[in-house]
Each structure stands twice: as C-alpha cells, then as structure tokens.
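Novice: So the chains spell out like this:
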Amino acid sequence: MAELRHQFHERLAELEVQALGALDLVVEQLDRALEALEQQDVELATFVIADDDRIDGRYLEVHQGILSLLALQAPVATDLRLVAALLHVIKHAERMGDQCVNIAKLIPLVGNEPPVVPELLERVLRMGVAARAQVVEAKLAFQDRDVDLAADLSRQDREVNRLNKEVFRMAVMAGDSEDKREWAMMMTMVARALERVGDNAVGVGEQVIFVETGLFREFPVDTPPV
Amino acid sequence: MSKDVSIDPDSRVKEPSVSPEPESTPGPTPSVSRPTVGQAAAARSLPEQVGHTITLENMDAYYGQTRAVKGVNLEYAANRVTAMIGPSGCGKSTLVRCINRMHEEIPGARCEGRVLLDDANLYDPSVDVTAVRRAIGMVFQKPNPFPTMSIHDNVAAGLRLTSKRSDDVGQLVEASLRGAGLWDEVKDRLDTPGIGLSGGQQQRLCIARAIANEPEVLLMDEPCSALDPIATLKIEELIYELKQRYTIVIVTHNMQQAARVADTTAFMLSGELIEHADTEKIFTNPDDSRTDEYVTGKFG
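Sequence lines, in order, name chains R and G. My numbering puts the first residue of the first sequence at 1, with every later residue one more than the last. My numbering puts the first residue of the second sequence at 1, with every later residue one more than the last.
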C-alpha cells in the first residue's frame, strides 16, 4: 500500500505549514502591538503597520497555491476538506493581522502622555494575553488535528468577551475629563480589535473540526456589546 | 411489477415464458409500460421514464476456488448512474458481469446469491439467459463493433435475431443512433464499415447497438478507458441523457469520471463492498477510512 500521490501530498503539507505559519506572524504582530500600547511606543506601532504586508503576502501565496492544487490535482475527501479549511485559515490570519494594524493605528492618536486609567489598561492588556493564547492554541489544534483543543477555543473566547464588556463599562465611567474619555474610547476600540482576534481564532478551531469530521459546527459566541 | 420487466422472452422469441403475464401490449395501457426505442427517441426530453432497479443479495463470485466477490449486497436505483470504483482485482468487473450472467460463461466460474431486476430473480432456473442479456445491455472497455459489418448492420445485428420487420429495423437503427448521439455524424454513411469510425464513435456505435435491444439496464465496463478526453466527455454527456431511460452501472478506474457522471458510487476492495453512498459524499466525506485512503490516492 504505497502512497500514490506523493508530490501532491507533499505540496499540500507545505501549504498547511505556510498557512499555519501566518498564525505565527500574527502572534508576533500582536505581541508588538500590545507592547506598543503598554509603552505608548509610536515607532513600534509603525513597524506593526508596515509589517502587515508580510501577512498579506503570505495570504496571496497560500491562496495562489490552493488555486493551483485545485486546478491541477483535484483533491477529494480528507484532502479536499483540508484544502477548503486552509483557505479559511489563511483568511482568518489575514483578518487578525488587520486587527493588529487597527490597534497600532490607534496608538499615535492617544497622544504622548495619555490620561491612563490603570485598571482599564490592565483589562485591555489581559485581553491581549488571552487573545494571543487563543491564536497559539488555534495553530496547535490545527497542526495536531486536536478537536478537543479546538473546541476549548470557544471556552477561552468567553473570557475575552467578558473582559471586552468590562472594558466597555469602565470606559463609560472613565470620568469627567474629555481627554480621559477620549482615551477610554480608544481603549474600547483596542478591546474590540482584540475581541475580533479571538473570534477569528475560534474560526480556525471550527475548521479543525471540519477537517476531522466533515461537519461544520459553529461554536456559540457571546454577542459583543458594541 | 414483473410484467414490466423484459426478461420475459415471450414477446420476442418463441421460448417458454417466465412471467405469467404477457409483456406490455401496444397502444395506451394503464400499466407503466416502457416505450420502444423509437418512441423513446422522440420523447427524449420527457422528464419521467420508468427505470428498473437491480438488487444484489449476498452475491458471491468464484473463479474455481478463488472467491472474487464476497457477500455483496447492493441496490442499483432506477434511472440512476452508479459507479463502481476500486483497485484492479477488487472484483468490481466480476460483480458487474454477474448482473447479466456473463460471469458464468467463463470456464470454472460460478456465482451464488440473487440478482433481482425489480422483483424478478435473474438466476431463477426458469429464466432464459438470452433474455437476461437482452434486458441488460453491456458496453465494454474496448469498442468492439462487428468488424465485417456496416454501421447500420452493427446496430441492427441484435434486432435481426428478434425477427423485426425490415422497415421497423430502419427506424430503430436511426432511433438508436440518435440515442447514442451518433446519428448526425454517420447518417450519410450508414453502409460503410463500423470499424472505419474513430474510437469514440465506435464506442457510441456499441452503445447504439446495446440500446437497440431496448434493455432495462446498461452495464458499462470502463467504457472510456480507450478514448481520448473529448470522446470521453461525449460519452459522459451521453450517460447523463441515457439515465433518463435506463438504470446505468459504470465500472471505472477514473475517479474523476465517477465523480462527474455517477449519482452514487460504490467502493470495492478485495471482493468486498466497502461503502456505497451518494457520489458527493464519497468524494467529500466518506464514512470508511479505506474509502478515504483510496480516493485520496493513499493506496491503490
């Protein structure tokens, strides 16, 4: 029982590595965006914006590779499901990359010495840590076809969503000063971006389950407040 | 239902009848009668045609001591195309040859189990084997027109045996050639040898010859494996049209062909039926891991 489509399966495995590698790029981008936020480092934020091209480039590469495989190799069954799932994965990665850019673009807007509400910033950074963990876990779940780990992503997502709501409530109470309210408003937008990163990680988890079972199961996601 | 099934040889050849009832009478009848090929050709666009179901029950097929088909249960639904796939030697051709009782012609070969055409058991001792083969037409891998005969005579060959009037024969030949999508290409040279046609045309000639006998079921054993891609696509188009009238079983090594033409696909391995399901399911999410491994090329 020899493997008969060796070249094809090798190429498919390569594409998977490329697509999942995009999630590593997202983690890097997220780390830098969060550091820029915490340190109010405008220069680092501009790097994040510039480096989004790498994720976009990866998206185009994987997309083209998948089109070629479909045209030339006519994948079926598990292979077909993997190919379809990789298209989703790379799209999720691309969107997470865009959310990192959204965060980075907000950083110069809050000014040099923003009127930080420490407990609010702490919540946002905690969200960042949780969303980052989700991206890492989504990659692992896909790589190992670990359905349980994939399902766990939606459990983690509930915590991110809960923090998001908390940030929103705290922002509403941010105080009388206009500067402070403006800063708090920016933080709700950062929180929203992080919440979207979490949702995209859950989307990757759904693809793991699709590849393994052929079923599409949308995980229950709490509705965000904004 | 047995009256609709033409394994009853009574209406065509003078042999004892299996069925207590005569075959459908000419003219309008309340029963679901199958139209002649001539009528069928005229009514090609009609959506509803009555097809017949083939049911295999516990089929075993042997070559001497070797058991090539092992306890297969399978239903070929009426007016549907069923593809048989599986690696060489898995028993798919053997199984299909059991359906029209060709397997038993091989010295030392035999089979056990039941093949039902609707409700009639084709292996019943009272059944006339010739009538079975007329009711169940077959098209082979290599186009095999009778080499000495003209195009017209190739199609008429089966009809001669059933003592049709000669003007009927002309009509039936035309209807059959039209049914096989070949008429326009050959109508001006019906008297030239069939062997002078291209491979794809020869194969459609063989299909015309098969449907001239007004079968209930068409068996196709790799009908395109000797054809170029365009001729293959023509045959596949034809299969799609033919299923409006016939129940079709196609053995193919080309999985993309199975995916294109078949409504359901059956996967066999080492004489056993592993899985039979909608073609879409077989090629997107098969239940059995062996099916998955075969269609994705992990073994073969």
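Calculated from the structure, these hints are not laboratory results. The beta-carbon is built from N, C-alpha and C at its ideal position, and this holds for glycine as well. Incorrect hints may have been included.
To be verified - The calculated DSSO-like cross-link candidates involving lysine-lysine, where the alpha carbons are at most 30 Å apart (straight line), are: (1) LYS70(G) x LYS91(R); (2) LYS70(G) x LYS187(G); (3) LYS142(G) x LYS187(G); (4) LYS91(R) x LYS187(G).
What the hints assert, rightly or not - From the derived model, a few chain G residues whose C-beta atoms are all more than 12 Å from chain R: (5) MET102; (6) CYS111; (7) ARG114; (8) GLY181; (9) MET255; (10) GLN256; (11) LYS281; (12) ILE282; (13) PHE283; (14) ASP292; (15) GLU293; (16) TYR294; (17) VAL295.
Novice: Return the numbers of the hints above that this structure violates; sort them in rising order.
Specialist: Checked against the structure, the hints that fail are numbers 1, 2, 4, 9, 10, 11, 12, 13, 14, 15, 16 and 17, while the rest are satisfied.
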